[in-house]
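Enquirer: Protein sequences appear in the order of chains A and C.
Following the working numbering, the numbering of the first sequence begins with 1 at its first residue and continues without gaps.
Following the working numbering, the numbering of the second sequence begins with 387 at its first residue and continues without gaps.
Derived by calculation from the structure, the hints in this document are not laboratory data.
The beta carbon of each residue, even a glycine, is placed where N, CA and C say it ideally should be.
Misleading hints may appear alongside valid ones.
[To be verified] Ranges of calculated distance between the beta carbons of each label pair, as one might list FRET restraints:
| # | chain 1 | residue 1 | chain 2 | residue 2 | range |
| --- | --- | --- | --- | --- | --- |
| 1 | C | E450 | A | S229 | 33 to 43 Å |
| 2 | A | R165 | C | G504 | 42 to 52 Å |
| 3 | A | G262 | C | E450 | 17 to 27 Å |
| 4 | A | M149 | C | E454 | 49 to 59 Å |
| 5 | A | G105 | C | E454 | 50 to 60 Å |
| 6 | C | I503 | A | S268 | 29 to 39 Å |
| 7 | C | E454 | A | Q371 | 25 to 35 Å |
| 8 | A | A244 | C | G504 | 52 to 62 Å |
| 9 | A | D212 | C | E454 | 35 to 45 Å |
| 10 | C | I503 | A | P245 | 29 to 39 Å |
| 11 | A | R165 | C | E408 | 36 to 46 Å |
| 12 | C | E408 | A | D212 | 14 to 24 Å |
| 13 | A | R383 | C | E408 | 35 to 45 Å |
[What the hints assert, rightly or not] Facing chain A, a subset of chain C residues (Cβ under 10 Å, in silico):
| # | residue |
| --- | --- |
| 14 | E396 |
| 15 | M403 |
| 16 | K409 |
| 17 | I461 |
| 18 | S464 |
| 19 | T489 |
| 20 | K502 |
| 21 | G504 |
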Amino acid sequence: MVSKSHRLGMNQSIGTLRQISLQRQRTQEAVERLHLIVEQSPEIIMITDVTGVINYVNPQFTRITGYSLPEAIGRKPSFLKSGHTPDYTYKSLWTTLLAGKTWRGELQNKKKNGELFWVRVAISPLRGYSNEITDFVALEEDFTDSKRMQDALLREKERVESLSRAKDEFMRTITHELKTPLSVILGNMSLLRSMPPKSGAQQWSRMLDLIDRNALRLRRSIEQILQLSRLDNLAVKKECVKLAPLLRDICEEYGEFAKGKGIKLAVSLPGRSSLSVSGDTELLRLALGNFVNNGVKFTEEGGVSISAKESKSAVVITVSDTGIGLSEKDRGRLFQKFFKANADAPGSGVGLALSAGIIEKHGGKISVASQPGKGSTFEITLRRCA
Amino acid sequence: MKKIMIIEDEPDVAETMKMFLEKAGYRVAIFFDPRKGISEMKNHDLLLLDIMMPKMSGRMVLAEMEKEKIKIPTIVVSAVGTPMEVGAQLSREYPGLEFLPKTEIAHDLVNMIKQKIGR
Chain A
1 MVSKSHRLGM NQSIGTLRQI SLQRQRTQEA VERLHLIVEQ SPEIIMITDV
51 TGVINYVNPQ FTRITGYSLP EAIGRKPSFL KSGHTPDYTY KSLWTTLLAG
101 KTWRGELQNK KKNGELFWVR VAISPLRGYS NEITDFVALE EDFTDSKRMQ
151 DALLREKERV ESLSRAKDEF MRTITHELKT PLSVILGNMS LLRSMPPKSG
201 AQQWSRMLDL IDRNALRLRR SIEQILQLSR LDNLAVKKEC VKLAPLLRDI
251 CEEYGEFAKG KGIKLAVSLP GRSSLSVSGD TELLRLALGN FVNNGVKFTE
301 EGGVSISAKE SKSAVVITVS DTGIGLSEKD RGRLFQKFFK ANADAPGSGV
351 GLALSAGIIE KHGGKISVAS QPGKGSTFEI TLRRCA
Chain C
387 MKKIMIIEDE PDVAETMKMF LEKAGYRVAI FFDPRKGISE MKNHDLLLLD
437 IMMPKMSGRM VLAEMEKEKI KIPTIVVSAV GTPMEVGAQL SREYPGLEFL
487 PKTEIAHDLV NMIKQKIGR
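So here's chain A without its partners, still in its complex pose:
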């Protein structure tokens, strides 16, 4: 017979046993659940010992890097280095960890197949029961796509800003190009109005010349600006363009400009001056004219000379001046749409950009040789017309 107290005692023991076993079951379940959380985490989880040697990686690690658990265990995470993360980042990482703190940062790593990827990382020290650091746990989020988009956006922002600056420069150039001849026209009109015709036919004539010439210049500028904006859709005629008359015309067009500055402008062609190129007469007139205009614009002493010669199935036209010349850096950028050698220089921005576009459409080439202070020589190569 079991006594009452014995029975109570036994019930208590059974109760305690049951409690202990329940406790153990709950702990077991908790551990399993935590295990599942780690295994199924959408973030990479890596655990290393205090020397940095990996002793666990979760399946997401394998999914992203391509390295399996056995391939990672026993190695240090340095095998994932891409070579693009600077050394000081890793130094700061270790310093922070060894001081017992969590390090957060971004790293660029390399997958097993060589592909690079970006991770946002939080590494924390794991402490044991006596508060000493036993392991390091790294939680990593792959944000490669987001990073790529960020970089692309940044590049686009810089490109847009640079274009915006170029556009402002360009507007400044156009304004100057248009306002200059306009001011001559307005000025001379006013003078004419204030001077009765009888009091100086010669002066009247001079003023009318200035108005005429500058109105033409204004028209040409507007034409060039329009052409430049249409350049991409341009249709190039295929004519046989005789160089002699074309170059002579251009010389005449810019002759007054050169004379006004006291410099020479001349064409010299070889004896057999029936050299012809294949192309669009009007476009070539514009393109070559700009080279001559440029030469005169930037020359104070000496002059501009134009010549042409045969070279196999091509013709090379040379426009050479004794002007201020260009540095190597400027030479490289000369034909960029909005380029000007110095911000306060009267822009050759529209002119040369248009010329370059036209010559390109003709399948031709342009080269420039120049040195600051020693003038410039432009060589324009075009296809010969039989």
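Given chain A's structure and the hints, the job is docking chain C onto it.
Expert: The following block gives chain C in isolation, referenced to the frame of chain A:
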């Protein structure tokens, strides 16, 4: 007779300004080379200065004049921007400088000069 110096790279603009000034009774000298102009400034009573020039810009001329301590009444005549933009900037650096848009030569040039240096 007062002497006016024009530093300008566009021959037609320079000639047009000269005609206005000679009609108003001034003597005029045109300098296409800014450096030559700078060396002659002491012999002139007023300077008309362009901003956009290939070899040496108007800004560079003003800086050079400051360095050489050349003092001469100056009007900047420009085809760029409005007097507000160009003027605001430069007048901060060079007090006393005046501005005229090139398109207003007919209306304002002679009056501005008369105000600055008389007939």
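Enquirer: Can you let me know if the beta-carbon spacing of I503/C and S268/A is within 29 to 39 Å?
Expert: Since the Cβ atoms of I503/C and S268/A sit about 49 Å apart, the hinted range of 29 to 39 Å is violated.
Enquirer: So, K502/C near chain A? Judge it on the closest CB pair being under 10 Å.
Expert: Hint on K502/C: violated, closest Cβ of chain A at ~19 Å, above 10 Å.
Enquirer: Hint check: is the beta carbon of T489/C less than 10 Å from a beta carbon of chain A?
Expert: holds, 5 Å
Enquirer: Would the stated hint for M403/C survive a check requiring a Cβ distance to chain A of less than 10 Å?
Expert: Hint holds; M403/C Cβ to chain A Cβ min 7 Å, cut 10 Å.
Enquirer: Using 10 Å as the Cβ threshold, decide whether G504/C counts as touching chain A.
Expert: violated, 21 Å
Enquirer: Can you tell me whether the CB distance of I503/C to P245/A sits inside 29 to 39 Å?
Expert: violated, 51 Å
Enquirer: Does S464/C meet its interface restraint, that is, does its C-beta lie within less than 10 Å of any C-beta in chain A?
Expert: holds, 8 Å
Enquirer: Just to be sure I understand the hint, the distance between the Cβ atoms of R165/A and E408/C should be within 36 to 46 Å; is that true here?
Expert: holds, 42 Å
Enquirer: Look at the Cβ atoms of R383/A and E408/C and judge whether their distance stays inside 35 to 45 Å.
Expert: At roughly 52 Å between Cβ atoms, E408/C and R383/A fall outside 35 to 45 Å, so the hint is violated.
Enquirer: Is 17 to 27 Å a correct range for the gap between the Cβ atoms of G262/A and E450/C?
Expert: Holds: the Cβ-Cβ distance is about 23 Å, inside 17 to 27 Å.
Enquirer: Has the hinted range 52 to 62 Å been met by the Cβ atoms of A244/A and G504/C?
Expert: About 56 Å separates the Cβ atoms of A244/A and G504/C, which means 52 to 62 Å holds.
Enquirer: Next item in the hint list is K409/C. Is there a CB on chain A closer than 10 Å to its CB?
Expert: holds, 7 Å
Against the hints set out earlier in the document, violations occur for numbers 6, 10, 13, 17, 20 and 21.
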